[in-house]
Amino acid sequence: MRGILILAHGSREKSTEQTLQQVVNYLGEIFSEEIIETAYLQFSNMDLHTGLEKLRAKGVDNIIVIPYFLFEGVHIKEDIPKEIDKYLKENKDVKITMGKTLGADKRLAEILADRIRDAL
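Mapped onto UniProt numbering, the consecutive letters of the sequence shown carry residue numbers 1 to 120.
Calculated from the structure, these hints are not laboratory results.
Everything numeric in this text was worked out from a predicted model, so none of it was measured.
Backbone N, C-alpha and C define an ideal beta-carbon position, used for all residues, glycine too.
A few of these clues could be false.
Straight-line Cα separation of at most 27 angstroms, DSS-like style, residue types lysine-lysine; simulated pairs [claimed, not checked]: (1) K82 - K14; (2) K89 - K58; (3) K14 - K54; (4) K54 - K77; (5) K82 - K92; (6) K14 - K100; (7) K54 - K95; (8) K58 - K86; (9) K14 - K58; (10) K82 - K54; (11) K54 - K86; (12) K100 - K58; (13) K95 - K82; (14) K89 - K100; (15) K106 - K95; (16) K77 - K106; (17) K100 - K82; (18) K54 - K100; (19) K92 - K58; (20) K89 - K14; (21) K89 - K77; (22) K92 - K77; (23) K58 - K82; (24) K92 - K54; (25) K54 - K89; (26) K58 - K95; (27) K86 - K100; (28) K100 - K77.
With beta-carbon atoms standing in for the labels, derived distance ranges [claimed, not checked]: (29) G73 - D93: 47 to 53 angstroms; (30) G103 - S15: 44 to 50 angstroms; (31) M1 - E90: 37 to 43 angstroms; (32) D61 - I111: 31 to 37 angstroms.
Based on the provided sequences and hints, a complete structural model is requested.
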């Protein structure tokens, strides 16, 4: 069974977790047949390992990790792949694929333009 893990950076400000949960709720409307969980790289007990385990507990053995990050920095290139590799060494019966960051996408520019218009 397939599941999706949305992985955000994390923040000391816990209200950010509510924001990500709202985004995941929107995703649930789009991907209603998928199991979607959240995890955070830092500042949260809901870390990457815990998020993967939550999906596994629901019977998921094919996990797509989508980083909710803008840029392809050291977390994306090194930290997250290392954590995924470590998890896979301990859990050989699961497949994990990492997707791309949000990156440079015209749809993000459109959202930014809306925020600029709101501020004018």
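Verification of the supplied hints:
1. K82 - K14: Holds, at roughly 26 angstroms.
2. K89 - K58: holds, 20 angstroms
3. K14 - K54: Holds - the C-alpha atoms of K54 and K14 are around 20 angstroms apart, at most 27 angstroms.
4. K54 - K77: holds, 24 angstroms
5. K82 - K92: Holds, because 15 angstroms separates the two Cα atoms, which is no more than 27 angstroms.
6. K14 - K100: holds, 25 angstroms
7. K54 - K95: holds, 15 angstroms
8. K58 - K86: Measuring from Cα to Cα gives roughly 21 angstroms; hence the hint holds.
9. K14 - K58: holds, 25 angstroms
10. K82 - K54: holds, 19 angstroms
11. K54 - K86: holds, 17 angstroms
12. K100 - K58: Distance ~24 angstroms between K100 and K58 Cα, so the pair holds.
13. K95 - K82: Distance of about 15 angstroms is within 27 angstroms: holds.
14. K89 - K100: Given pair K89, K100 holds - Cα atoms ~22 angstroms apart, limit 27 angstroms.
15. K106 - K95: violated, 31 angstroms
16. K77 - K106: holds, 23 angstroms
17. K100 - K82: Status holds; Cα separation ~16 angstroms.
18. K54 - K100: holds, 22 angstroms
19. K92 - K58: holds, 17 angstroms
20. K89 - K14: The hint is violated at about 31 angstroms.
21. K89 - K77: holds, 19 angstroms
22. K92 - K77: Roughly 22 angstroms separates the two Cα atoms, so the pair holds.
23. K58 - K82: With Cα atoms ~24 angstroms apart, K58 and K82 stay inside 27 angstroms; holds.
24. K92 - K54: holds, 17 angstroms
25. K54 - K89: Holds - the C-alpha atoms of K89 and K54 are around 18 angstroms apart, at most 27 angstroms.
26. K58 - K95: Answer holds: K58 to K95 is near 15 angstroms, not above 27 angstroms.
27. K86 - K100: holds, 20 angstroms
28. K100 - K77: holds, 11 angstroms
29. G73 - D93: 47 to 53 angstroms: Given about 31 angstroms between the Cβ atoms, the range is violated.
30. G103 - S15: 44 to 50 angstroms: Given a distance of about 25 angstroms, which is not inside 44 to 50 angstroms, the answer is violated.
31. M1 - E90: 37 to 43 angstroms: For M1 and E90 the Cβ distance comes to about 20 angstroms; the hint is violated.
32. D61 - I111: 31 to 37 angstroms: Holds, since D61 and I111 (Cβ atoms, about 34 angstroms apart) stay within the stated range.
Checked against the numbered hints above, the structure violates hints 15, 20, 29, 30 and 31; every other hint is satisfied.
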